[in-house]
Structures are given as structure tokens and as C-alpha cells.
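First to last, the sequence lines map onto chains H and Y. Taken in order, the first sequence gives residues 0 to 556; the numbers are from numbering that gives the first Met the number 0. Taken in order, the second sequence gives residues 0 to 370; the numbers are from numbering that gives the first Met the number 0.
The set of hints was computed from the structure by calculation and includes no laboratory data. All values reported here derive from a predicted model rather than from experimental measurement. Keep in mind that a hint or two might mislead.
[To be verified] Restricting the straight-line Cα-Cα distance to at most 30 Å, the calculated cross-link-like pairs of lysine-lysine (DSS-like) are:
id, chain 1, residue 1, chain 2, residue 2
1, H, Lys121, Y, Lys43
2, Y, Lys43, H, Lys53
3, H, Lys168, Y, Lys155
4, Y, Lys348, H, Lys470
5, H, Lys337, H, Lys215
6, H, Lys76, Y, Lys348
7, Y, Lys155, H, Lys175
[What the hints assert, rightly or not] Interface residues of chain Y toward chain H, partial, derived using beta-carbon atoms under 8 Å:
id, residue
8, Arg105
9, Gly120
10, Gly154
11, Arg156
Glycine is no exception: its CB is placed at the ideal position from the N, C-alpha and C atoms.
Read off the chains here:
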Amino acid sequence: MQIRLNSRDIECDEGMTILDVAKENNIRIPTLCHQEDFPSEARCRVCLVEVDGKLMPSCSTKAREGMVVETENKNVKRARHMNIELMMSAHMQSCFVDVKDHALCRIVAEEGIKDIRFTPAKEQVLDDMGRAITRDPNKCIKCGRCVQVCRDIQNITAIDFAYRGHHSKVTPYFDKDLHDSYCIKCGQCVLSCPVEAITEQDHIPEVLKAIADSRKHVVVQTAPSIRASLGESFGNEPGTLVKGKMVAAARKLGFDRVFDTNIGADLTIIEEANELIERIKNNRPLPMITSCCPGWVKYAEHFRHDLLPHLSTCKSPHEMLGAVIKSYYAEKQGIKPKDIVVVSIMPCTAKKYESAREEMKDDVDYVLTTREFAKMIKMHKIDFDKLEDEDFDNPLGLSTGAAALFGATGGVMEAALRTAYETATGKTLTKIEFDQVRGIEGIKSGDIEINSITIKFAVAHGMGNVQELLKSYKEYHFIELMACPGGCIGGGGQPIPTTWAIRKKRMEGLYEEDHNLPLRKSHENPVLIKAYEEYLGEIGGRKAHKLLHTKYFERDL
Amino acid sequence: MQILEKTGMKAWNKAVSMKPDDIINLIGEKKLIGRGGACFPTAKKWGFAKEQESDDKYLICNADEGEPGTFKDKFIMENNPENMIEGILIACYTIGAKQAYIYLRREYRYLEKGLKKIIIGMIKKSGTDINIEIILGAGAYICGEETAIINSIEGKRGEPYLKPPYPAVEGLFSKPTVIDNVETLANVPLVMFDENWNPDLRLFSLSGNLKKPGIYEAEVGITMGELMKMGRPDGKIKAVYFGCAGGCMSFKKDTKVDYDVIDKAGCMLGSCTVIAVNEKNSIVDMAAVIAKFFEFESCGKCTPCREGTMRILALLEKISLGYAKPKDIELLEELSIVIRDSALCGLGKSSTTHVLTALSNFRNEFEEKCR
Numbered sequence: 000m001q002i003r004l005n006s007r008d009i010e011c012d013e014g015m016t017i018l019d020v021a022k023e024n025n026i027r028i029p030t031l032c033h034q035e036d037f038p039s040e041a042r043c044r045v046c047l048v049e050v051d052g053k054l055m056p057s058c059s060t061k062a063r064e065g066m067v068v069e070t071e072n073k074n075v076k077r078a079r080h081m082n083i084e085l086m087m088s089a090h091m092q093s094c095f096v097d098v099k100d101h102a103l104c105r106i107v108a109e110e111g112i113k114d115i116r117f118t119p120a121k122e123q124v125l126d127d128m129g130r131a132i133t134r135d136p137n138k139c140i141k142c143g144r145c146v147q148v149c150r151d152i153q154n155i156t157a158i159d160f161a162y163r164g165h166h167s168k169v170t171p172y173f174d175k176d177l178h179d180s181y182c183i184k185c186g187q188c189v190l191s192c193p194v195e196a197i198t199e200q201d202h203i204p205e206v207l208k209a210i211a212d213s214r215k216h217v218v219v220q221t222a223p224s225i226r227a228s229l230g231e232s233f234g235n236e237p238g239t240l241v242k243g244k245m246v247a248a249a250r251k252l253g254f255d256r257v258f259d260t261n262i263g264a265d266l267t268i269i270e271e272a273n274e275l276i277e278r279i280k281n282n283r284p285l286p287m288i289t290s291c292c293p294g295w296v297k298y299a300e301h302f303r304h305d306l307l308p309h310l311s312t313c314k315s316p317h318e319m320l321g322a323v324i325k326s327y328y329a330e331k332q333g334i335k336p337k338d339i340v341v342v343s344i345m346p347c348t349a350k351k352y353e354s355a356r357e358e359m360k361d362d363v364d365y366v367l368t369t370r371e372f373a374k375m376i377k378m379h380k381i382d383f384d385k386l387e388d389e390d391f392d393n394p395l396g397l398s399t400g401a402a403a404l405f406g407a408t409g410g411v412m413e414a415a416l417r418t419a420y421e422t423a424t425g426k427t428l429t430k431i432e433f434d435q436v437r438g439i440e441g442i443k444s445g446d447i448e449i450n451s452i453t454i455k456f457a458v459a460h461g462m463g464n465v466q467e468l469l470k471s472y473k474e475y476h477f478i479e480l481m482a483c484p485g486g487c488i489g490g491g492g493q494p495i496p497t498t499w500a501i502r503k504k505r506m507e508g509l510y511e512e513d514h515n516l517p518l519r520k521s522h523e524n525p526v527l528i529k530a531y532e533e534y535l536g537e538i539g540g541r542k543a544h545k546l547l548h549t550k551y552f553e554r555d556l
Numbered sequence: 000m001q002i003l004e005k006t007g008m009k010a011w012n013k014a015v016s017m018k019p020d021d022i023i024n025l026i027g028e029k030k031l032i033g034r035g036g037a038c039f040p041t042a043k044k045w046g047f048a049k050e051q052e053s054d055d056k057y058l059i060c061n062a063d064e065g066e067p068g069t070f071k072d073k074f075i076m077e078n079n080p081e082n083m084i085e086g087i088l089i090a091c092y093t094i095g096a097k098q099a100y101i102y103l104r105r106e107y108r109y110l111e112k113g114l115k116k117i118i119i120g121m122i123k124k125s126g127t128d129i130n131i132e133i134i135l136g137a138g139a140y141i142c143g144e145e146t147a148i149i150n151s152i153e154g155k156r157g158e159p160y161l162k163p164p165y166p167a168v169e170g171l172f173s174k175p176t177v178i179d180n181v182e183t184l185a186n187v188p189l190v191m192f193d194e195n196w197n198p199d200l201r202l203f204s205l206s207g208n209l210k211k212p213g214i215y216e217a218e219v220g221i222t223m224g225e226l227m228k229m230g231r232p233d234g235k236i237k238a239v240y241f242g243c244a245g246g247c248m249s250f251k252k253d254t255k256v257d258y259d260v261i262d263k264a265g266c267m268l269g270s271c272t273v274i275a276v277n278e279k280n281s282i283v284d285m286a287a288v289i290a291k292f293f294e295f296e297s298c299g300k301c302t303p304c305r306e307g308t309m310r311i312l313a314l315l316e317k318i319s320l321g322y323a324k325p326k327d328i329e330l331l332e333e334l335s336i337v338i339r340d341s342a343l344c345g346l347g348k349s350s351t352t353h354v355l356t357a358l359s360n361f362r363n364e365f366e367e368k369c370r
């Protein structure tokens, strides 16, 4: 098929949109409401082009044989500029003065718009209750991307459009605060927002204050998936492993100790695999469902009270490590637990909420997202690319390949199966990669024989898939659920943009990390073996339970 | 009036003895076009839906008459609802739908009881298993737009969505759906039955500065003077508005009221609504009142309509109060053009027709206010 694009004849395939064709041919068309991996709703009217003399949104207009398209003529520019001006008049005008790094402001700069001919819109109240996500209606341009993600991918619809005309706004149901709603804080909306109207709550100032306080011993831990995504904020390819540089940067920022959440992940696996074996032995509720993902946990607490007994009582890895730091590590180092500040760098906005939960609020003090951590590094003018690789601090820095997998969907399952199989049977696995649970398919399942019992397991990621899998959860013995598409590598705290292509690359980075490590099974982690001997006692024992396990509550809608 | 001629189920009896394709051909030959304003040939629309293979198909009768100054559908539903319902049955039979909805404007809910009674009686008489349900709109103007009606009946937010897919292919509950205006459907039995049916007769809703406003039946192509004469002008008429969305023209006695002529003047005849405005009224004030309507009724989906209609209103109020400068008129014009060219749905696109036509016909009134 051939179309005429900006007076050039261009070959293209059937079914492509004008935007696709333009992208392939390096013709720039600005877009705002269009997001990769989603059908276009054509709300923003910024990607308009002239098609046979009529303005059409290029994101949703399919190429037709012989079509004549202009992307930069007078009509197009007039409409595009006016629509951007209208949007800017509803968006925070301060952005115009001090250009922020988000899509709308970038477009304003690219288009060379110098003046807005309309008066600013009336100011609205900020929604910043709770500790996870902040909504700023003053910045919202109603592009609907967050609504699309929350509805179509997550199937939660915690936010949607309300009211109409210029009074319309994106808000939780009944105009509640996000904090009071059944929002699961997964932060997928944050990833999709082109104007930073919906963001994670900023905890950088509090962390900086703690670092500056000489009486405090500030410990930082970094999540498994960060090492494969942090580099993106500094221009690296997605999936580049930047573990060494990340540790060096954290030291430069002034953290007293840099630990690895991966060891927490190993600990989780040891406890969780043990819990699974116990549940099967003692006829306790099956399937057991993982509880590492606070987004999924919050979903269950709101919508599926019947599943709460099925949730593993294990805390999530960073909470476990936080608890160990404030007990075992504190005792060993002779530091009072109240003088220790634990900061977790997580790919997640829900972890911010989790760390503020009443029953776990002592374990981890602050959670920063990958983006916030990158912002901190940039704030301190650290040249990330030039940093020399450094290693995590001892003793809580040694981890296994199994823990690295935690960051990707299916990883917890794979790690748990490695440990459960070997500890229950006493045999060694010949092939430790479980290909059934790898990859980006929404719902994955398989089975394995342990001591002549066939254990059936399933994995789902993205709340839409999770809800689909839960329709038939009774068939399985063990289920891993992650709220974000792709697992933590696609988490709500990860660098923007996060698309499926990028998620896949990050996932490959983690598989590479697992492959490269000498130890690849959690129960072989020598630090933890020693910790159980010295302090924690028996696996799943009384002390372990007190420190490493938690409970869940029924919450209203 | 032609439209009040009752066929008393004779057209239905004739229709069921025919093949659906023959009905479509007959309607096509007699040149029945949609009366909702878009003038799409009804036979074509039905043909598309008929060809779709699907277990479920739907028919929606659009009785959400929201255009200010239009009240012809109300007139039909008050005086000859039987024909409309017969038309619905024939349409259902033709396209193969088992379920029809009448999307009734909430302001017309006093008609609901009567309509229900007639529906029950007529379905009994016809002996079909077609079900007709009345759904009350919630009062939004945008829900007269066909994709917004679909969203509304599905229980979603009343917002239009991007076509294609067209409703005839994938509409209500993702099934082939035909959406027809009340007047179109009320004409169907007449087309089937009456040999001398005149395709050019329309119901004109006349209002404004007239002594006898109301519904008048006339052929398209009637001159403006004759049309006004029927409504008895009150004072000297200077402009006519074709509803809020149709724009305005200066009143000239021998202008033909005909789709092509009105189109060429930058206006839209649409559903044949004519609002007369006499010399005592200011066009700027008219524009501000109409802009208020669109600002209130915009659904907020696309940027130009959501933010633009509000800015148009602000500019017009500024002009009307005499605070504006000539450059505000330029901005008003540019903004109006952009909204016309880039809004998502018909409502948005037509929301500034009245400003643009007022600016081309009565620019002096705007300029006077800016001195």
C-alpha cells in the first residue's frame, strides 16, 4: 500500500495507523493521550494531521491507499498549537516558566509555543493523603491514560472520569481521596501519566534529613529489579545491569550501609517454601498464594476476603530484611534499633503504602522508588556512568540467583520451587530453570512432582490476569500473583517510559543476573544459614514467625 | 399533514409479506433519508446492519431530541406514536433485530406511560416476538449522538467514541445496531404504504421572535419568507438560527431553505429547526447564550471541546460586556475554527458553527462592542 506523506510517496502495510507510518519514517508527530500497547481513544487532539484536507487524529486513523497526509501545514499547526495552549491553560502554568521533564512540557518546547492566550484555570485541592500516591488535579490534562490502564489492564477502576465538560476530572469513585478508596497503589497510573499529575509521594527530603543526622545509622537496601532498570534513567539501555554503580552511587549519597534486598528475597523463599510444605503436610488452606506484592495483598483485603487464609503469612522481602536489620544486625553491630533508619529502594509505589502499614511500620522507615533514587543521584550531581563498580556491604549483601528472579513475573515461583523441591526431597534438581513460569504470558502454569505428590502451580501478573486466574484458583497448590504487568520490572516506581518491549529487556537482565551468580538456590545462602544458626533459630519457628511473618485484615470497599 | 396519516398496521402486514431485501430496496427507491440531521440514506444504514451475521442485533430509536428549538419528535410522539412504533417493528424485521430501544429524553418522560401502552397493544396485534423497551436518558445533550447513546444504554458514561467501527457493524453491546431518529421511523410505514409519499416534506420547528411558533410541515426548498410567514414574525426579523448547532444566516426573503443552499452558507439545516431573531436582539448576546449551552453540555472527552467551549463562552461574555479588544475577536475566530476542525464528535465540531457564521454575517456587531 502506498500513501503520500508530506509530499513523499511511502510504502506501508495494511492496518497501520498514520502515526505508525510516520514513526517508521522518522517523521515527528507529537502525541499525548496515545500510549504504546493500548488502543487509542483520541482525546487530546495533539497528534492531528491533515488527511485529504480534513484534520484527523493520526494515532487512530488507519492508512488507506492513496491517502494524502500533511503533518506540518498551517492548519495542522494552528489546531495543534491551540489545543496545546488550551491544555496548558488547564495545566499548572508554573510548568511554562520552569520547564519540567514531562511529555506536555517537552511538546510545548518542541513546538516553540511562547505564550498562552488564556487565563489560568482555578486551583483545585491536592489529593495527597496516605503515603503512596499523590494526585494533583491542577496538572491533569484529562488525557485518560491512567483511567485506561486502571480499567483495561488492572481491571480495578479506582479512578475514572467524573462530571462533564471543563468540570470533568479524573478522580476516585464518589470523589473520595485515593487513600480512602480501594485503589491498590500499584502505580501503573503513575507510569502512564504524561504530565506528572499523578506521582509517587515524595520522600526524598525525609531521607536526606535522616542521612544528614549524625546520630542515625542509615541503611539502604535495593530491590532485585532495580539493578536492571535504574540505568535507564541515565541513558543506558533497558535491562543493563548496573548493580556495582548503583551501590557506589548509594555510598556517595551518604548511606552508612548498602544492603541487598535480594538476601531478604532468599529469606522469604526459605520461609515460604517451608510454609508451603507445612501447609501440604498439615492440610491447611491450599493453594498458598504469595504475599510479596503489597498491591495484590491490598486487592485481596478489599475484594477477596475469602482468600486471606490462603495468603502466605511471610512478609515481603524488604520488610523481612528491615526486620532482620533492626534485630540481628543491630545486635551484632551493637547499635540501638531506634537509631537505625532503613531506606528501601523499590520499583513500587505500593511498597510505600506497605511500609506504613500499622503492623510493619517499624521494619522499614522510608521507601523510595527507582525514579526517586535516580532523582536523588541527579540532585547530587553524581556522574552515574563514570562510577566504579562496588560491592554490597557485609554481611547482608550476599544473595543468590533465585533472589534476583524475584523482580520478574514467575520469579518467586521459580525460586520457591527450587528450594521447596530440594529441601523436601533432599535431592538436587538437574535443571533449575523452570521455563513454564518464565516469559510475559499473562497466566502461566505447570506442575512438579515432590515426594510423589504432584504440585500444581500457577503465575499471573497484572491485576486483570490475576482476577482471571483467581476464577479457577482451587485447581492449584501454589500461586504467585503480582499486581503489575511483568512483575516488579514493570512496577509503578520504575523509570518512565515502561512498555512491554522495555519490560522484556529488564526481564532478560534479571535472567542474566541469575545465570551469572555462583549460588542460585536460596537455601544455599551461607549468610542466612548462619543467621538461622546464630539468631533466627528454626525455619518457620517462633522467633522467625515473630520477625518475618505478618497478618492480613479485611478492609471495606 | 403527511406525518399524521395513520397506517394502522397495514404497512407492517405488508412488510412481513416481503423479503427484507425488498423492503430495503423500496425504501432506497423512495429516497428516505435520516431526519436526525445527518441525512444518511436509511436504506444504506439498514443494508449494512442486515448484512452483518450476528445472533443479536439491535435497533435504537433516538428520541433524545436535545437540540434547542427542536420539538418535532415530541410532536410525533404526542400525535402519531403508532407510526413510529410500526416503523420500529418494520426496521427490526428488516435488519433481523429482536430487541429495540426507544432512548427517550428525560424531559419527555410524561410520554412514557402512553407509549408503553401503545407498544404492548401493537406488539400483540403484530404477533411478533420483537421486544421494545423505553430507556430514559439522563438529560445530556451529547447522548443524542449515536455512539454516546450506545455508551449510555450500556450503562457507561455518556461519551462519544471514535468511529469506525460504525454502529451498524459493531454497536450496542458490540452487536450490529441501527440508530434512527423518531421522524425517520415514523415515515417508514408511510413509505411502505402510501404511493404518493413525498420525500421532501419535513417538519419544521419554528420558534424565536414569532407570534405563532410551532411545528409546520413544508417541503425543503421553501423560501425563508414563506416559512416565516407561517410563524407570523414579531418585529423585523434580522437573522435565523438553525438550532444552536446549525449556525445563523441573515434573513433574506427569497433564500431557499434547502440542504445545499444552507450548507454553502456555512450553516447546517440539520433537523429543520428555525429560530427567528428580530432586530431588538443582539447577535453577540445570542452567541453568548448559545455558547453557555455548549459549555454546559460538552462531555469533556476531547481537549478542544472541553477547554475550548469554556473559553469561547468567556470570550463572548467579555465581548458582550464591552471589555474586549479587537484581538479578542481574532482569538475567538481562531479558537472557533480549531474547535470546528479538531473536535472528536459532531457536537464538538458544530459547537462553534454559530460563532463562525455570526462572525461572517454580523461581524460589525462584534466590532462595535469592542470599541
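Consistency of the hints with the structure:
1. Lys121/H / Lys43/Y: Between Lys121/H and Lys43/Y the Cα gap is close to 48 Å, so the pair fails against 30 Å, i.e. violated.
2. Lys43/Y / Lys53/H: This hinted pair holds, its Cα atoms lying about 24 Å apart.
3. Lys168/H / Lys155/Y: Holds, because 16 Å separates the two Cα atoms, which is no more than 30 Å.
4. Lys348/Y / Lys470/H: violated, 45 Å
5. Lys337/H / Lys215/H: holds, 9 Å
6. Lys76/H / Lys348/Y: holds, 18 Å
7. Lys155/Y / Lys175/H: holds, 20 Å
8. Arg105: With a minimum Cβ separation of about 15 Å from chain H (threshold 8 Å), the hint on Arg105/Y is violated.
9. Gly120: violated, 38 Å
10. Gly154: violated, 13 Å
11. Arg156: For Arg156/Y, the interface hint holds, since the closest Cβ of chain H sits about 6 Å away, which is under 8 Å.
The structure does not agree with the numbered hints 1, 4, 8, 9, 10 stated previously, though it agrees with the rest.
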